[in-house]
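In order, the protein sequences belong to chains X and D.
For the first sequence, the working numbering gives the first residue as 1, with consecutive numbering after it.
For the second sequence, the working numbering gives the first residue as 819, with consecutive numbering after it.
If you are wondering where the hints come from, they were derived from the structure by calculation, not from laboratory data.
Take these hints with a grain of salt, some might be off.
[Said to hold, decoys possible] Distance windows between CB atoms, simulated:
| id | chain 1 | residue 1 | chain 2 | residue 2 | range |
| --- | --- | --- | --- | --- | --- |
| 1 | X | S52 | D | G859 | 48 to 56 Å |
| 2 | X | Q761 | D | N886 | 54 to 62 Å |
| 3 | X | T645 | D | N886 | 50 to 58 Å |
| 4 | D | N886 | X | K800 | 32 to 40 Å |
| 5 | X | R2 | D | L905 | 37 to 45 Å |
| 6 | X | P726 | D | G859 | 39 to 47 Å |
| 7 | D | N886 | X | N601 | 49 to 57 Å |
| 8 | D | L830 | X | W24 | 27 to 35 Å |
| 9 | D | L830 | X | Q120 | 46 to 54 Å |
| 10 | X | K800 | D | M837 | 38 to 46 Å |
We treat Cβ as the ideally placed atom computed from N, Cα and C, and that holds for glycine.
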Amino acid sequence: MRIVSFLIPAIITIALMIGLDNKWGSVPPLGRFLSPQQGFWQNAEAKDHNFSADLRLKGVQGKAAAYLDERLVPHVMADSEEDGYFVQGYLHAKFRLWQMEFQTRAAAGRISEVLGNNPQYIRFDREQRRAGMVYGAEAALREMEANPVSKAVLDAYTAGVNAYINSLSKSNLPIEYKLLDYKPEPWSNLKVALFIKLMSADLAGRGYHRDIEFSNAKAIFGESQINLLYPQVSDSARPIVPAGTPFDTPSVKPRKPASADSLYFQRDTSLRSKPAQQFSRLNGSNNWAVAGSKTASGSPILANDPHLGLSFPSIWYEMQLKTPLVNAYGVSFPGIPGVVIGFNDSIAFGFTNAGRDVGEYYNVRFRDASRTEYWFDSAWKPVEQRVEQIAVRGAGVVLDTVAYTVFGPVLYDQTFSAEGVPVDTDRGLAYRWAAHDPSNEVLTWIYLDRAKNYSDYYEAIQHFTCPGQNMLFASKKGTIALWQQGRFPALWKGQGLYVMPGEDSSYMWQGFIPPAENPHVVNPEIGFIQSANQRPVDSTYPYFIPGDYAEARGISAYTQLQQMNRVTVSDMMRLQCDNQDFFARMAVPMLLRYVSREALNVSENRLVEAVGQWNFVNDAESEAPSIFRAWLTELDSAIWEDEFTRIKQRREYPTAQTMMEWLLRDSAMQYVDDVATPEKESLQFQVTAALRRAAADLQAGDNDSLEWWRRKNTSIYHLLRTAVTPFARTGIKTGGGTRSLNAMSGTHGPSWRMVVHLAPQTEAYGVYPGGQSGNPGSRFYDNFVGAWAASKYYRLWVMKPEEKADKRVKWVLNFEPA
Amino acid sequence: MRFLLSTVLIALLAFVAGMFFPWWCLAIVAFGVALLVPQKGWGSFGAGFLGIFILWAVVAVWIDTRNNSLLSQKVAQLFSLGHSTILLVLVTALIGALVGGFAALTGGKLRKLMQQDDSRY
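Hey, can you work out the whole structure from these sequences and the hints?
As structure tokens, this is what we get:
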């Protein structure tokens, strides 16, 4: 009896210890997680937490220090380049470790390893691998490590990250590791390359090559319609290179294959690949520079607001980096060395996305279902097999054999396609992507941070391959310039719009546009340069440059900048936060002209009146933007859905800009009629019906307010999204809209707003939607969100070495060799 | 007196051990104290339970106060406890206390098992 009365509690105790030390489904190990001395309570940072420390670390060469100001922005002062990047790596890890580790893990297709056995995660991992993310990162790593300058910087940065990881104990692991129950692994230079591939995928990845959508549309509508549905040049565009600027004769002249008309441009209905993933390509980035001739002070002003998916922890980490060669201030990406967007003592630089299409799919034919040989240039060629090992938490390893062809990896084949869509056993889509090629983007930032003048900038950006960017520059000497930088294929007209034949070399890229022939503007006569994701040039540019371009914001920036004179910093802030909608200005008069008011009831008429009285500003509290959006969405469906429903696989409607320009040209264009009915619908009918459906949509649901900010519901989620909704900020009250310069949607918005006045004494301002700490238990996790939502800016302090005792310095991290 | 002594001892020793060892070291502490300090009936369970309950609650509240409940409110929502820091502290303390209680009870029972001459059972 006694032994039993001992054994029972003993067994219960051991069961509790084991049970509470392990993860159950999505429930974290409760004992460990709740333990006040080890678990999440340890992440609850005291409001007066002292960040200061004296650190003796292996890898530090001389003396370095990070002076943290009241916003927790570090001002890093180091006696050598290596120590500067070491400290940057250490700080990135100290404040953002989970984020940088998780993002590079996702880039490498390794989320199943920590998130567990879920078909969705495994599919995600397979897709990353099959798209060649790791393959591309490995190529980049070889290039970066072959260059002594980037190698030294990477090694120092990686050592800094690892110095922090090695100092971690169980209790001070970031909370996400505790929730998901895993540990960080050592950082490596490969992870830096993976981060850059992640940005390439986001900004120049599969969302930007719509070969499959266009092929599907071509199969139904024919090639002649594609130009009308997805035109290369918009009627109303304001390109980056001012229209009418002459271009040199192109030095590369790609030849269209002889078989193109019969094999490529004809309707091909044989394509059966339906990738499950639909990509979103939200954009909104702007940058502009105003020359001294147009500013009040006579010095240039550079402004940049790159737009990315909104997330916590923020994609950006603000800092100053001062070494013997560098004194740069701006934002950095946790995960790579250097200041990415910012300024130094002589120049300022900012980026927007080029949006160019730099990826192709090739339809390859295998010899048999084993997929070991493929038909190329009249012979069977062996594929190179890369066996991807995907570790799955709690479920061993999933193996995925990917066939590499002369084009690149076969992304989609019978083993990897959407359910229910049969793919021939001998067919596959090989993927050719600019980000597969060796490159050394890190070098661009190393040299940009050091650049003193235009030629330094020009040299620096030559190392940048992908994702193509509009790299804006302004200097204290008075030069303003922009190069659309990247390695872009020289394409024959129509090349790469559709999935290309993959059985011979004639459809491959024949060369690249020489960098000197990339679109660029240097000190233009109009006194300013702007870019906003639009097509960079007018139709006279001698190369075929497909891409995903947004025109509305460029029109807005150009029009407003042109009217401005004696420009000041606050003008630039107002412009960045400008909520005017130049697209609505064009579209609304047409809607009002065609809507039949007599067919509408009282409440529907009220909506029309609200839109009629609208000043075309997407103010947070305005109702008209909500009505306009709903109306436009319904009109979009009314025009396209009846025809596009014939495309059974992946499809994409033309843009709203295309639709409106077409309707303005021709109100009786063929797609207006609803082909599903015997009657012939007019534009008047469709616009009216769209308004009535929009009215119904706006009344449905539990959202009874029409206020724009409530409808738009701008929210910043944690990277783990709805799994940790309490870590998010939802329903932030902001104005703006996808086609305003203040481009703001539910999930996407200005990720950093910066204005730099390059006066003799630099004057700079900035703000981003987040906070310097990635810890949801820190008061620095989201403390900038309020200022950001209110269109306010922080004055950026470029600390001087002699200001170590300044009262803005709140904490000091001293670094010394171990 | 013995109960109070055990409770305080378990809380203090578990706190010290928690600075160096994984969270479950509290079970070893509670077990050891119960083994050394004799208790009547379920007294050892009570001491282990109460000692850890108080320790975890006090440490959690101390941290939480200095944090202005910033994190506890978020985690409470994550655990479907509304925004209630108090509930989260109670759940925290209860989880620790259960382990502490059963570990101490095990220690007490082992003590009885070893005292062959004890005839109350």
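| message | For a quick check of understanding: which of the numbered hints are violated here, in increasing order? | response | Violated: hint 2 alone.
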